[in-house]
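Engineer: Respectively, the protein sequence lines represent chains A and B. Position one of the first sequence corresponds to residue 1 (our numbering), numbered consecutively onward. Position one of the second sequence corresponds to residue 334 (our numbering), numbered consecutively onward.
Any given hint could turn out to be false.
Unchecked claim - Listed next, the stretches of chain A that the computed footprint assigns to chain B, with coverage defined by at least 3 CB atoms under 8 angstroms from CB atoms of chain B: (1) 24-32; (2) 261-269.
To be verified - Ranges of calculated distance between the beta carbons of each label pair, as one might list FRET restraints: (3) A:Gln59 to B:Glu398: 42 to 50 angstroms; (4) A:Glu150 to B:Glu398: 56 to 64 angstroms; (5) B:Pro338 to A:Lys262: 19 to 27 angstroms; (6) B:Glu397 to A:Ala145: 58 to 66 angstroms; (7) B:Arg405 to A:Thr236: 42 to 50 angstroms; (8) B:Val393 to A:Gly181: 24 to 32 angstroms; (9) A:Pro203 to B:Arg358: 34 to 42 angstroms; (10) A:Gln59 to B:Val393: 43 to 51 angstroms; (11) B:Asn364 to A:Gly272: 30 to 38 angstroms; (12) B:Arg405 to A:Pro128: 50 to 58 angstroms.
To be verified - Quick look at which bits of chain B chain A covers, simulated, 3 or more residues with Cβ under 8 angstroms: (13) 372-378; (14) 381-393; (15) 397-411.
Simulated from the structure, these hints should not be mistaken for laboratory data. Think of the CB as a built atom: it goes at the ideal place given N, C-alpha and C, for glycine as much as any other residue.
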Amino acid sequence: MSIVYGLITGLVFGFVLQRGRVCFNSAFRDLRMMKDNFMFKVGLLAIAVQIIAFLAMAQFGLIQLNPKPLNLVGAIVGGYLFGLGMVLAGGCASGTTYRIAEGNTTSWLAGLVYGLFAWATSAGFLSPITKAVSGLSVKVASNSALYLGETTGPTLATVLNVSPWIAGLVFAGLIFAYLFGTKTTPRDTAAWGWVKTGLLIVPVAMFGFWSSTVSGRPYGLGITGGWSNLLSAVGTNTPINWEGAEILGIIIGAGITAAAYKEFKLRVPKNGKTFLYAVIGGALMGFGAVFAGGCNIGHFLTGIPQLALSSILASIFFVLGNWTMVRVLYGKM
Amino acid sequence: MELKPTKSLDERGEVCPVPDVDTKRALNKMNSGEILEVLIDYPLSKERIPSNSTRDGHEVLSVEETGTSEWRILIKVK
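Use the sequences and the hints to build the structure in full.
Structural biologist: Set out below in structure tokens:
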């Protein structure tokens with residue numbers, strides 16, 4: 001049943017990602033390079049609404065909040081390397097995954113290398129590095145029954161010692177103020193507006209967190225673990241779990257959507273150098289994501305809505321890594 | 334009326350955000366009134382290039398579908 005749940009989550013997620021062109025690499029990069037905040041606002045809207053949605057779901061016992069422990073080295077180093085990598089690869093974890101289904105050969109390569117390095121970092125030849133820093137992980141006492149376990153990863157709520165509801169409503173309120181109080185870069189050419197895209201991500205995230213929880217994985221949408229799982233399923237005959245099925249679902253869902261809208265095409269860059277970048281980018285993303293305890297989707301769409309400090313920190317470094325590599329590759333615009 | 338572009342960029346096959354970057358750079362270097370033709374096959378660029386070019390003050394003359402997921406965009410430099 002967990003495979004079915006994962007697959008359904010992925011199918012719908014793939015549809016939303018493809019139609020909405022949801023890519024956090026673009027979101028961060030365009031903010032700086034193109035002075036374009038369209039995709040950034042999509043992400044933030046999803047986060048703000050999800051803060052409230054997850055609190056409600058936890059209140060009703062459908063899920064338990066489960067923010068990741070804080071590991072400073074992991075979040076900073078892993079986050080930064082991941083940020084560098086996604087620019088080289090031409091897409092973040094979700095962007096690369098859904099574009100595989102559109103026929104982008106660079107995404108095929110980046111995705112595969114991403115998966116291999118994620119697997120290597122969690123269970124393979126790079127895992128000693130991960131184990132070496134795992135001792136630095138910090139958990140705190142849960143200050144609410146909404147959290148899973150007696151101890152949990154630190155969040156804005158636990159460190160300020162306020163109820164998760166108060167912290168959540170305030171934080172969401174601040175995000176809404178930014179979203180609707182500032183100018184949004186227009187993109188009338190897009191099939192979906194930013195509000196629609198951001199809102200459509202929310203039910204996917206909610207169903208994902210619930211169905212993953214009942215499948216034994218008390219967490220929401222993620223990408224990295226799924227790739228590791230798929231590769232270990234191929235390499236060592238490990239059974240496919242919820243997250244692996246989610247990735248398959250994303251690729252299939254995005255593929256059907258792309259085909260339906262006639263956007264599937266085999267795309268090959270003219271310069272071979274681009275493939276080299278895709279490989280290096282994929283490797284940095286695979287290592288960085290595992291080291292940071294999650295990729296942009298895990299942290300952005302599951303961690304930050306739970307106000308996890310680990311996710312906030314990792315995300316800041318995703319952005320810094322992204323902006324650094326944009327400067328290196330594209331110079332001043 | 335067939336407009337002859339002053340300059341043509343073939344960005345087909347290129348990864349995100351290369352088509353957008355090359356377009357913006359080309360527009361910055363061209364003279365007012367000249368026409369830039371950009372050939373792309375990336376759906377996101379089909380949305381972003383016209384949007385950002387218009388926002389930068391240029392005039393998007395046309396976005397023509399020339400094949401499956403392939404477009405030809407004509408932009409007049411401001």
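Engineer: Cβ-Cβ distance between Glu150 of chain A and Glu398 of chain B: within 56 to 64 angstroms?
Structural biologist: For Glu398 of chain B against Glu150 of chain A, whose Cβ atoms are near 59 angstroms apart, the range 56 to 64 angstroms holds.
Engineer: Using the Cβ atoms, figure out if Glu397 of chain B sits within 58 to 66 angstroms of Ala145 of chain A.
Structural biologist: Since the Cβ atoms of Glu397 of chain B and Ala145 of chain A sit about 59 angstroms apart, the hinted range of 58 to 66 angstroms holds.
Engineer: Do the Cβ positions of Gln59 of chain A and Glu398 of chain B conform to the proposed distance bound of 42 to 50 angstroms?
Structural biologist: Given about 49 angstroms between the Cβ atoms, the range holds.
Engineer: Are there three or more residues in the region 372-378 of chain B whose C-beta lies closer than 8 angstroms to some C-beta of chain A?
Structural biologist: holds (count 4)
Engineer: Take the C-beta atom of Asn364 of chain B and the C-beta atom of Gly272 of chain A, compute their distance, and say whether it sits inside 30 to 38 angstroms.
Structural biologist: Given a distance of about 34 angstroms, which is inside 30 to 38 angstroms, the answer is holds.
Engineer: Per the coverage rule (Cβ-Cβ under 8 angstroms, at least three residues), is the region 397-411 of chain B covered by chain A?
Structural biologist: holds (count 3)
Engineer: Taking 42 to 50 angstroms as the stated bounds, is the beta-carbon spacing between Arg405 of chain B and Thr236 of chain A within them?
Structural biologist: Hint holds: Cβ distance 48 angstroms, inside 42 to 50 angstroms.
Engineer: Is the distance from the Cβ of Gln59 of chain A to the Cβ of Val393 of chain B consistent with 43 to 51 angstroms?
Structural biologist: 49 angstroms, holds
Engineer: Confirm or reject the coverage of the region 261-269 of chain A by chain B under the rule of 3 or more residues with a beta carbon closer than 8 angstroms to the chain's beta carbons.
Structural biologist: n = 7 at 8 angstroms, threshold three: holds.
Engineer: Does the Cβ pair Pro203 of chain A, Arg358 of chain B satisfy 34 to 42 angstroms?
Structural biologist: 40 angstroms, holds
Engineer: Honestly, do Pro338 of chain B and Lys262 of chain A meet the 19 to 27 angstroms range at C-beta?
Structural biologist: 25 angstroms, holds
Engineer: At least three residues with a C-beta closer than 8 angstroms to a C-beta of chain A: is that true for the region 381-393 of chain B?
Structural biologist: Check passed, 5 qualifying residues.
Checked against the numbered hints above, the structure breaks none of them.
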